[in-house]
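K.L.:
If you want the building blocks of each chain, they are given just below.
Protein chains: 2
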Amino acid sequence: MEAVNTFELSVEFKERFQLALEEDDNAFIMDSLDGVNSADISAFLDEFSSEECKYVFDLLSVETGAEILEELEEDVRGEFIKQFTAQEIAAFVEQMDSDDGTDLLYDMPVSDRNEVIRQIHDEEKASNLMELLEYDEDVAGGLMAKELIKANHNWNILQCIEEIRKQAENIEKIYSVYVVNDKEELIGKVGLKKLILANDRSKVADIYDDELVSVETSTDEEEVANIMQKYDLEAVPVVNARGKLVGRITIDDVIDVITENAEEERQLMTGVSSDVEEDDSVWRISKARLPWLIIGMAGGLVGAQFMGFFREEIIIVPALAFFIPLITASGGNVGIQSSSIVVQSLANPNVFADSMLKRLLKVFFVAVVNGIILALMVFGSVILFMSDQSLAATVSIALFSVVLLASFMGTVTPLVLNRFGVNPALASGPFITTTNDLLGLAVYFSVAHLLYNL
Amino acid sequence: MEAVNTFELSVEFKERFQLALEEDDNAFIMDSLDGVNSADISAFLDEFSSEECKYVFDLLSVETGAEILEELEEDVRGEFIKQFTAQEIAAFVEQMDSDDGTDLLYDMPVSDRNEVIRQIHDEEKASNLMELLEYDEDVAGGLMAKELIKANHNWNILQCIEEIRKQAENIEKIYSVYVVNDKEELIGKVGLKKLILANDRSKVADIYDDELVSVETSTDEEEVANIMQKYDLEAVPVVNARGKLVGRITIDDVIDVITENAEEERQLMTGVSSDVEEDDSVWRISKARLPWLIIGMAGGLVGAQFMGFFREEIIIVPALAFFIPLITASGGNVGIQSSSIVVQSLANPNVFADSMLKRLLKVFFVAVVNGIILALMVFGSVILFMSDQSLAATVSIALFSVVLLASFMGTVTPLVLNRFGVNPALASGPFITTTNDLLGLAVYFSVAHLLYNL
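Chains as they are written, first to last, in this note's numbering: chain A, 13 to 466; chain B, 13 to 466.
So here's chain A without its partners, still in its complex pose (with noise of 0.2 Å):
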């Protein structure tokens, strides 16, 4: 069995192929290379500088280049096309299917994407990249690829598979035949296992299965992600408003929407700002965190004006600054938990939630009980190590109070937030979490404030 992962990525290959590309030995460049998964060279290749790159890809098929490409991150590969004149592009996104023609097409400026489509001789594929261009990114249409194979349901078996083998060559994956009427509106799918067993003579329309999903060009890309992932579907067809048949999304991009999605939000909560990789460079890695530690620390500074007011309370009680960090803690913890349910619940919408109302009142209930349980512990400790009432009494209050802000932030902020089209995630993030801290000092005083002063 020559799989394809026994290509060992080692320390040694690459020595050895760094050695070849400086002695240009092209001839073990290209036997190394020789049958090794695109994914894998694309993986291998990222180790090496842009020039270096481009003098592999040169001793390359184009066929191989082209799946090396859709393989590159995006980030990467925006900056390693500059090196190919359009003419060079225009081969590789001949040889791509129109969905990745058309994300490559999206790392360009316009101006060099309308020169690349003027060098593609296949005059469908260029008006397929043109439409596509059209979408969106983030909806069915800018994911769906041009290339599937339709039958229109007066056509037999033996029509079917002629239509397959004259598209076979420009269609790497095919799950299902579509089915149109005359109008060209899909109206079922048939399933190449079906199409093996069935009689060749069988006519299209007594077979196929008119119980399919489809998806409309603008549904958003996570509801397309969510439809296929609830229906365990590898591919689903794209139809138009008018039920027109314009395009298939296969599962390996809706992968990539969810794995992209889960990493976006990630960012967002650690507030680590663009793609970094530990293996960028110290200064990448510096300028992408700093925004958010900036922002941090802004809001400690002006923490420390606000405190500032407060300064009399501190001498005459400095215990009060000995929970400072009790109360922030408990406030950004309550706030993010409580915007984390809030994003998963927007994530996947249920026609069966409650009201607003309800929502708000459940989130007020579970802050409730949740204040009381930590304030009762924390009046406790308070009574127990220091001995001090109104100390106790003062943190407990507080806490109790910043709970329950904190969780109608956390709930509110979210909503918002996905009511403006941003996304929600971004309330776990740096903003939030500084304003929380802002909030809670603010009721700590306020409060401390009051009872000192009864």
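For the record, the hints were derived by calculation from the structure and aren't laboratory data. There could be a bad hint or two in this list.
A pair holds if it fits inside one copy or across any two, identical chains being indistinguishable in the list.
To be verified - Under the rule of at most 20 Å between Cα atoms (straight-line distance), these lysine to aspartate or glutamate pairs were calculated in the DMTMM-like manner:
#, residue 1, residue 2
1, K374, E59
2, K26, E63
3, K162, D222
4, K206, E246
5, K370, E24
6, K242, E86
7, K242, E272
8, K178, D212
9, K370, E59
10, K26, D366
11, K206, E174
12, K242, D268
13, K215, D194
14, K185, D244
15, K162, D212
16, K66, E91
17, K94, E127
18, K242, D112
19, K374, D292
20, K206, E175
21, K185, E246
22, K256, D221
23, K242, D58
24, K185, D264
25, K242, D264
Dock chain B against the given chain A, drawing on the hints supplied.
P.N.:
For chain B alone, coordinates are given in the frame of chain A:
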């Protein structure tokens, strides 16, 4: 087009259905669910009590019941199947692919499992299930199904199609026919497209593709997901340690792995300790959230005790208290960012990654760059707004030290957790955040103590 997505999950329909349940209107129940996709029925039944669901199940065919059971969420299902006898469950399991059947059995106590397996009439199915139950749930062996189409390389295409015909009933989705030699070792595959287009008299040996990716039974589920995603596979064959073909993993199961892992990571980060959703009860949500809140609170109490040692400093320089939130927030942010980058690189291992020493050095330099920038900004701000040089020096030196320390902790903790087989994402969660808070306070007040006693 009778698309499954025309099944309207509306509040009105739910009320009508509820009424039908109360009035034992079996005709309405059966009619309204007829032809509806099992994933939709499953989501819909989630809204009703276990007893009501059981009533509906008894009206549906065993096939439909089995499909719905496959779609139910694990925690709901574990409870729900308690209502069925071992014999009833066995009937459902017989309708399922072996991987789904195994998943269902995993949800049951071991003694009940064995009882169910004894009730299964199909001996091959029973032995397949017993084999699959031997594997851990989180390796390829625990994910795979025994159902697949395999062909000996000496067969011709007609024999291959005959085999598909024989197996077709049991296998929902065929992507490829796997090719084995006389020792049952996996040597390649034939895609369905190729099979359709091939001449009936061709031999499998002439047309099969010997470049294929396979995984071993012991491969970790995350690695399986990475491999399938990297090579855009919709199914991957599983071999045992001696290269014998033993099963197949399909992409739908792997998508579940990907989303579950993202979910688990989110839960570890936000400290919501079990599968809670917005529509769970107030008490259930509170209970899930309390553990982290209590950890955070306990950390806050320890911090308060600790700051008690610095009561004198705070009375003399109350402004020291003002910067506590700045110090703890910055430490927390730096720690989460650092651990997030490490968690990411652990999930996507790179053979060309730098050595551990080099990685730690890089983390150190990034921390130095960030620390210096933040410290300078804070120093300037304190001078500007408070005109207090010792305070400015104290806060900025402490901040710089905290950034360094939190970077180190955030980097090392996930690595250590991972080494001991614990999910490294825990490092972005409650324990570490709380520990970072305490370390930050310790550094801050130690610096203050040193500087003010100089």
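K.L.:
Determine which of the earlier numbered hints do not hold for this structure and return their numbers in increasing order.
P.N.:
No numbers; nothing is violated.
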